[in-house]
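Given the coordinates of chain A, assemble chain B onto it according to the supplied hints.
Residues per chain, in single letters:
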Amino acid sequence: MRLLKEIIEKLDLEAVASSGLTDRPVVAGYAADLLSCAMKSAKRDYLWITLQSHLNVVAVGSLLNLAGIVITEGNRPDQETIARADEVGITLMVTPKTTYTVVGELTHLGVKGES
Amino acid sequence: MTQVPKFTKIQELIYELPIERVMKKDVVRVSPETSMTELKEVLKVNRISGVPVLDGSQLVGIISIEDLIKALVEGDVQAPVGKRMTTRMITVRENESVVEAVKKFAQFKVGRLLVVNDQGQLTGILTGGDITRGLLEAISLDYHAEEISRYRAKHIFEDITSDQTSLILRYKVHGKDFKKGGNASSKIKRALGRLGGIPEEIRRVAICAYEAEMNLIIHADDGGELIAEMRPDVIRIRAIDRGPGIPDVDQAMSPGFSTAPNWIRELGFGAGMGLMNIKKCADSMRLESTLGMGTELEIVVYLRQESGEEQNSEKSKAQEPA
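Line order of the protein sequences matches chains A and B.
Quick note on numbering: numbering that gives the first Met the number 0 labels position 38 of the first sequence as 37, and the sequence is numbered without any gaps.
Quick note on numbering: numbering that gives the first Met the number 0 labels position 294 of the second sequence as 293, and the sequence is numbered without any gaps.
Treat the hints with care, as some may be off.
Stated by the list, open to error - Simulated restraints on C-beta separations:
| no. | chain 1 | residue 1 | chain 2 | residue 2 | range |
| --- | --- | --- | --- | --- | --- |
| 1 | B | D221 | A | E72 | 29 to 39 angstroms |
| 2 | A | T100 | B | S165 | 44 to 54 angstroms |
| 3 | B | E95 | A | Y99 | 33 to 43 angstroms |
| 4 | B | Q106 | A | E79 | 37 to 47 angstroms |
| 5 | B | R46 | A | E79 | 16 to 26 angstroms |
| 6 | A | Q78 | B | R46 | 46 to 56 angstroms |
| 7 | A | E79 | B | L166 | 28 to 38 angstroms |
| 8 | A | K9 | B | Y14 | 24 to 34 angstroms |
| 9 | B | R46 | A | M0 | 39 to 49 angstroms |
| 10 | A | E79 | B | Q57 | 50 to 60 angstroms |
Claimed, not checked - Derived coverage of chain A by chain B (criterion: at least 3 residues anywhere in the stretch with Cβ under 8 angstroms from a Cβ of chain B; other residues may be distant):
| no. | segment |
| --- | --- |
| 11 | 34 to 43 |
| 12 | 54 to 63 |
Claimed, not checked - Chain B side only, calculated, beta carbon under 10 angstroms to chain A, not exhaustive:
| no. | residue |
| --- | --- |
| 13 | G110 |
| 14 | G119 |
| 15 | K179 |
| 16 | G181 |
| 17 | N182 |
| 18 | P198 |
| 19 | K279 |
Keep in mind that the hints were calculated from the coordinates and are not lab data.
All residues carry an ideal CB built from backbone N, CA and C; glycine is no exception.
The following block holds chain A by itself, in its conformation from the complex:
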């Protein structure tokens, strides 16, 4: 099982919120941009990869106790979103890579789609 901080390092992600909470395990990954789909399929300690960057991704992350959220394609959350993520302890990471690339790299690291 991979720790979030290993993934951040290997994939060269930039942690923009709750960057001190990366010492936690990532049990699996999930990718989608529809919040209800994430609600349905992502679970506790999953890493969620999406290009959505607004405040509601934090709500989903917090309700599901996700290990973190990777925001792709150079989208950056605004200050309010970052502040909320810090408040609820959800690690937000950004990357210029596409979702496809990130998922590919995660698969290479052994992060599966299901725990």
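For chain B alone, kept in the frame of chain A given last:
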């Protein structure tokens, strides 16, 4: 972009705790006239490895077991402490936070720090061990307080008896206010955690509450109300709004069907999955709607009675963000 660092509990405490909370207050002291032989007895009897040297109430130095060993080696045990003490004294103020002491230990590589008040008088002594013990005590106090409040919340249904006790949480949800999306459901989730819910059930309730809350935000022009009724055996969530109403309830229930406009879809909502998610997570759901009048959604999730899994649930809750 600025990063707000997230502190661990220990880091928080190091900054919060004043030195006077962790230092040793009953300081054993010697005078400059004390002989090194007498010092040996003082260290032995008190099981300590160093003492401050005071001339009256004036702090003049510090002497440690290292100085004693040197005196023994040099055959100078009859010398007074005043001759062999170290006059370089590293002090910290009692009202500074523990982090200042940690910094000084790292900077000066000493075994103990002298603690003084604002007037420069000695009020205590501090070793690395004192800091460790102080932090552990503070953590266990915090932990204990947290346990007590959780315990109290958990037993609310046993303490307050009636034929049927329920706790009702009402939340006003504003239409199109996406910034607040998930606020009500987060609070419901937390309440259920406080009441000792099992993680899997908390997850199911959280998903139902979130989807119902988002439906109010996305579709109800004037928003609506999210009401969670909590009983020891069942959670009933109702989402009530005054319009616009659903033209075809069966169609609304079919997966992928959505009437959300494009700008809402671009935010990632309107997948047509919300009601499906609720249906999957709930033990039962009921959707009633009158076009132009309003919609009422009722969701029921049954709770298992407390069991051996309680420990497990406590553990996983402890890892949740506060």
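Results of checking the hints against the structure:
Taking 29 to 39 angstroms as the suggested C-beta distance range, the pair D221 (chain B) and E72 (chain A) conforms, at roughly 36 angstroms. Take T100 (chain A) and S165 (chain B): their Cβ atoms lie about 50 angstroms apart, and the range 44 to 54 angstroms holds. Between E95 (chain B) and Y99 (chain A) the Cβ separation comes to about 53 angstroms, which falls outside the hinted range of 33 to 43 angstroms. Judged by the Cβ atoms, the range 37 to 47 angstroms given for Q106 (chain B) and E79 (chain A) holds: they are separated by roughly 40 angstroms.
The hinted window of 16 to 26 angstroms between R46 (chain B) and E79 (chain A) is violated, with their beta carbons roughly 56 angstroms apart. A hinted range of 46 to 56 angstroms holds for the C-beta pair Q78 (chain A) and R46 (chain B), which are about 55 angstroms apart. Evaluation of the 28 to 38 angstroms hint for E79 (chain A) and L166 (chain B) yields a pass: the beta carbon distance comes to about 31 angstroms. For the pair K9 (chain A) and Y14 (chain B), the beta carbons lie near 32 angstroms from each other, so the given range of 24 to 34 angstroms is met.
A C-beta distance of roughly 46 angstroms is found between R46 (chain B) and M0 (chain A), which places it inside the suggested range of 39 to 49 angstroms. The supplied range of 50 to 60 angstroms is met by E79 (chain A) and Q57 (chain B), whose beta-carbon atoms lie about 57 angstroms from each other. Coverage of the segment 34 to 43 of chain A by chain B holds. Counting CB-CB distances below 8 angstroms, 7 residues qualify, and the rule asks for three or more. Counting residues of the segment 54 to 63 of chain A whose CB falls under 8 angstroms from any CB of chain B gives 9; the rule of at least 3 is met.
Interface hint at G110 (chain B): violated, since its Cβ lies 31 angstroms from the closest Cβ of chain A, which is beyond the 10 angstroms cut-off. Below 10 angstroms, beta-carbon pairs count as interface contacts, and G119 (chain B) has none with chain A, the closest being about 38 angstroms; its hint is therefore violated. The beta carbon of K179 (chain B) comes within 9 angstroms of a beta carbon in chain A, closer than 10 angstroms, and the hint placing it at the interface holds. Look at G181 (chain B): its Cβ gets to within about 2 angstroms of chain A, closer than 10 angstroms, so that hint holds up.
Checking N182 (chain B) against chain A by beta carbon gives a least distance of about 7 angstroms; that is within 10 angstroms, so the hint holds. Using the Cβ-Cβ criterion of 10 angstroms, the hint placing P198 (chain B) at the interface with chain A is satisfied: the shortest such distance is roughly 7 angstroms. This hint holds: K279 (chain B) has a C-beta 7 angstroms from the nearest C-beta of chain A, less than the 10 angstroms allowed.
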